[in-house]
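Protein chains: 4
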Amino acid sequence: MIIIMKPNASEEAVLKIKQIIEDNGLQAHLSKGTQVTIVGVVGDKSKLLSANIELIEGVDKIVSVTESYKLVNKKFHPDDSVISVGTAKIGPGHFTMMAGPCAIENHDMLLETAFAVKKAGAQFLRGGAYKPRTSPYAFQGLEEEGLKFMQEAREATGLNIICEATSLRSLETAVKYVDMVQIGARNMQNFELLKEAGKAGVPVLLKRGLCATIDEWLNAAEYIASEGNPNIVLCERGIRTYETATRNTLDISAVPVIRSKSHLPVIIDPSHATGVRAYIEPISKASLAVGADGLIVEVHPCPACALSDGPQSLTFEQFDHLMDELRPYAELSRRNTK
Amino acid sequence: MIIIMKPNASEEAVLKIKQIIEDNGLQAHLSKGTQVTIVGVVGDKSKLLSANIELIEGVDKIVSVTESYKLVNKKFHPDDSVISVGTAKIGPGHFTMMAGPCAIENHDMLLETAFAVKKAGAQFLRGGAYKPRTSPYAFQGLEEEGLKFMQEAREATGLNIICEATSLRSLETAVKYVDMVQIGARNMQNFELLKEAGKAGVPVLLKRGLCATIDEWLNAAEYIASEGNPNIVLCERGIRTYETATRNTLDISAVPVIRSKSHLPVIIDPSHATGVRAYIEPISKASLAVGADGLIVEVHPCPACALSDGPQSLTFEQFDHLMDELRPYAELSRRNTK
Amino acid sequence: MIIIMKPNASEEAVLKIKQIIEDNGLQAHLSKGTQVTIVGVVGDKSKLLSANIELIEGVDKIVSVTESYKLVNKKFHPDDSVISVGTAKIGPGHFTMMAGPCAIENHDMLLETAFAVKKAGAQFLRGGAYKPRTSPYAFQGLEEEGLKFMQEAREATGLNIICEATSLRSLETAVKYVDMVQIGARNMQNFELLKEAGKAGVPVLLKRGLCATIDEWLNAAEYIASEGNPNIVLCERGIRTYETATRNTLDISAVPVIRSKSHLPVIIDPSHATGVRAYIEPISKASLAVGADGLIVEVHPCPACALSDGPQSLTFEQFDHLMDELRPYAELSRRNTK
Amino acid sequence: MIIIMKPNASEEAVLKIKQIIEDNGLQAHLSKGTQVTIVGVVGDKSKLLSANIELIEGVDKIVSVTESYKLVNKKFHPDDSVISVGTAKIGPGHFTMMAGPCAIENHDMLLETAFAVKKAGAQFLRGGAYKPRTSPYAFQGLEEEGLKFMQEAREATGLNIICEATSLRSLETAVKYVDMVQIGARNMQNFELLKEAGKAGVPVLLKRGLCATIDEWLNAAEYIASEGNPNIVLCERGIRTYETATRNTLDISAVPVIRSKSHLPVIIDPSHATGVRAYIEPISKASLAVGADGLIVEVHPCPACALSDGPQSLTFEQFDHLMDELRPYAELSRRNTK
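These protein sequences, in sequence, are chains A, B, C and D. Throughout, our numbering is defined as the position within the first sequence, counted from one, plus 12. Throughout, our numbering is defined as the position within the second sequence, counted from one, plus 12. Throughout, our numbering is defined as the position within the third sequence, counted from one, plus 12. Throughout, our numbering is defined as the position within the fourth sequence, counted from one, plus 12.
It is worth saying that the hints were derived from the structure and are not from the lab. Heads up, a few of these hints could be off.
What the hints assert, rightly or not - Restraint ranges, calculated between C-beta atoms of paired labels, are given here:
1) Gln163/D / Phe88/C: 40 to 46 Å
2) Glu156/A / Phe88/D: 37 to 43 Å
3) Asn20/C / Lys188/B: 51 to 57 Å
4) Ile68/A / Phe88/C: 21 to 27 Å
5) Thr99/B / Ser272/A: 30 to 36 Å
Each residue gets a CB set at the ideal place from its N, CA and C atoms; glycine is no exception.
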């Protein structure tokens, strides 16, 4: 931690800061500049609440030197993680496709979709049983019944299955059925849910919050990891900006940023990122090329009849075409898609 | 709902749309322009899922005409609401001050703060028993013990008390103690929590999400209202933008916007909005002048020793000064501060 | 300047950095922490290009300690400036009203408006002769003819006049006519224009760019000041965010932030900030209460006939009412409105 | 254009709107819904200033149906454009590499860079002779002398050359030397400069403004096109968001969005988008895969000695490696890189 003093800070103020630091069992290194004095703090900073030092007279600002996340930090775990989920592996060397409907609407549409995405080459079936919806009057999901359909689809196709949990209650139910639990963008800082997902030990797909910084996202992952669960995959799904031509703004640079800061795998959700079917194929290719470890894509037997997210869902044919288009890119970068 | 066709949409495509609309028991009004054809849809739009019409051939885009929130919508409830909470009233004609520490750290600091803010003229004691923190390694709150201290503070001072609930579990506990429950920015779209708060019937302070639009915020309020709980007060606390000179960017215009769209009262949190103690007084005056119905402000016996949010907390003296400064503005706009 | 080394930086790398710093005639102070080493750089940092040090092996990041603007920086000029423009003063102790049409449409509408805003109590007539418009097919302004009408309005009413310059050419023309030149949001980083405005010596109203940080804004002011022109007034006019309920998002906290960082006066433009007539009065009161030094407001004899910005323009009656509403707030904060 | 009436709008108000529309030589189509009435306006909307209709009693809001840009609009020019610049072609079927230093610092570094990027396979040499810099105290460029060095580099290597013009003055000079003029992000809405670039007829690389919407960007291109210059290439270079892990946030989805809305080619600037050397290679691959028509990349003989943008500049070796990595991706998508 570094403390930057105001240009007019008195000698006395500097000494007082030094005293406080030393009283907390830390060391203070002073650099007196021509304009300002800087105080470097050495030692275990958790002994000191940096924020409040800002309030001491003569202090201009505080600069943090180290990140607050540890377990998911590449600095302390330099080797990239490969996470095993069901029959699949997610991480470097692999390119994992997850596909399925936004919401599980009924038994038949789910099974039909499962067979279609399996045939096209997906490894995971996605499907929402609990739906977080902006309006209370929109379709809210089939809940446990939906999870049972998912389980049936797994048995029928061999696909791994992933569902979102939106509360402690739905998490408790979901872990009985799924291979991987998704924590959605709106719950990225639902800390109770993160801790429970950590305790449950189930593999977690952690979506980035709508306006979360990468640091906040990694701290959210740290909540899960700190409860003893290292099976975390991150998912970039677009952030909120002023641009409205797409539903969100895909922050594709988040992939190399995560690579440099964390050992966790990261995949991309082109469906929510763009909200427009026509943009999903080019964005999927870009995701593979930038180094993402996989994709989660919305597919529906009849997008025009979908109860939610129709405009961003692919038909079976379109998903099939997408898979064909992605294969040569996966080969080029030596990624296993099976 | 309005459907805008593409410039090159065929006559056939337009007729197909018309058919779909009529098959759903609605009426279609066509306007054929020189460049594009527009289809107005008349009737109960919940019969139709507007999103998917975007997928029909020839359709360019869909424009919603009416908001999805009803109970909190001023169009259907033109009179502004005044919400009664404990001994206080929140809404037009009143200016309600809520003050207290970010986190309840122990018994004595809370009681000391309660007496100080009561003496200065506050009507509510705020204090966090459950703290949502970015890092899992930061102080997480005293939980139920904290709520008991709050209750004791109410009995000792006559202040009304407000605490945040961060999960179904903490909500269940909090309602036994508090006059008003706060749902924080990070949980604004925790729909399970909103519904439970609706069912509980307790007055709710609903903070705006960090990157929520005003429409999403009102839809979140609708979740509470739709469960039969009309006792909702909104709280603007700054949104996330690119500017880093303040912790968040206070969207002060949200106050007149809410006034024009909803009958619910709205207050401002200058502490989280700015994150800087020196800005709280000018922003508080502006909040009163713009027509907000109150403020929620962080006050601490010793900000430099606070376990969280020290830099944005006022000392007792500063809060006292703030109250003195605000009184003439309240009088000018004929607002009752008691 | 502070250099933060990577956790795994070698002793050698640290010594190399030290050498580079000393080779540039500066001093290096080392703080070796348990995790990282920090290097404080003392001396005239312009001798060193901080950015590139980031590229040296073992360096994690660079932290700037001092701002790059000097002349407009409060640290070096602690007394707030009061700027004289024509017969008016702008700065602490004053509250300056500027009003008039977005665009000067013709002679009569301008003169009519001038008399109306003068009577209501404004000190400045604003009016656009050169209009920056998003589409090339929108009305682009009367140019020099408009400036002549402005001059006539000044002579007829005694109002001071302000017009925007959008290029070196229009600046050259405008300075012959106006009391104050406005540099608009879109040109806040048109550095050639800033330098010319600096050389011209004319008082400048410098609007904040649509997505400019406060630091960039003060650096833009520094461009003007560095050419020898200290007569600069800042104008906050809303920034671009994801929220669309208002045209822009007024960053009202920018007023106290500017107060703490610069000695320059700052006014607010509620018309562009909100884009909605109904919000202008509450936002104007908030602007006065937060401590802004004045307002620039759009007024039009017939907003529904305006060639631009009609929806955000006040009628004469509305402006009159606004002035009446603002006076008690100005008195309360002891600000001179004449 | 569509006019949406308020739920409580009177029959009279609707008739008045109808009258105004017809008085302007247009047709009005009414759709009376259960909640609101909608008025479709048919005819040449330039006869009516939509904005002001918002002010008429009973009107809730106005919805635009058609874009204001025409010449650069794909709806009216469905075939994608391929732009010829010097010896190069930019557009579908090609992948054009532009590379060189941020600023031209001196004769030798420019020539050295030119030979290096030519050898690696670039088609354009980029180099800044006029530098827009946030601080007035930073290096501002060699101006015309720099352009002469660029010309010499072209003669020596056969590369096409591109330089930024930051003012009418620099544009006038630059067109004498360069194959293509760049209009930078800060000048995207410097409308005088756009018009002059349109008149000059020189091929223009138009960078997206830091917070410009795609619609504003296409309208800026329309300014150039409307002066008779169709030789426009767009360049996405990242937008400003709340995320600070990268210098800007690359909006990679802008590429497919532009493809669907305009016939103009679009390239990507990964150097400014990320600001970090390590992210340039993955982002370049993603740019190619998403369908961008080329890249503009910063390369410097000694990034650690660069006068600007050192941290985001590639060394010659890194650029060489980048080109090698991109070639198989270009082949895969059948793009010509020569």
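The hints, checked one at a time:
no.	hint	verdict
1	Gln163/D / Phe88/C: 40 to 46 Å	holds, 43 Å
2	Glu156/A / Phe88/D: 37 to 43 Å	violated, 53 Å
3	Asn20/C / Lys188/B: 51 to 57 Å	holds, 52 Å
4	Ile68/A / Phe88/C: 21 to 27 Å	holds, 23 Å
5	Thr99/B / Ser272/A: 30 to 36 Å	violated, 55 Å
Checked against the numbered hints above, the structure violates hints 2 and 5; every other hint is satisfied.
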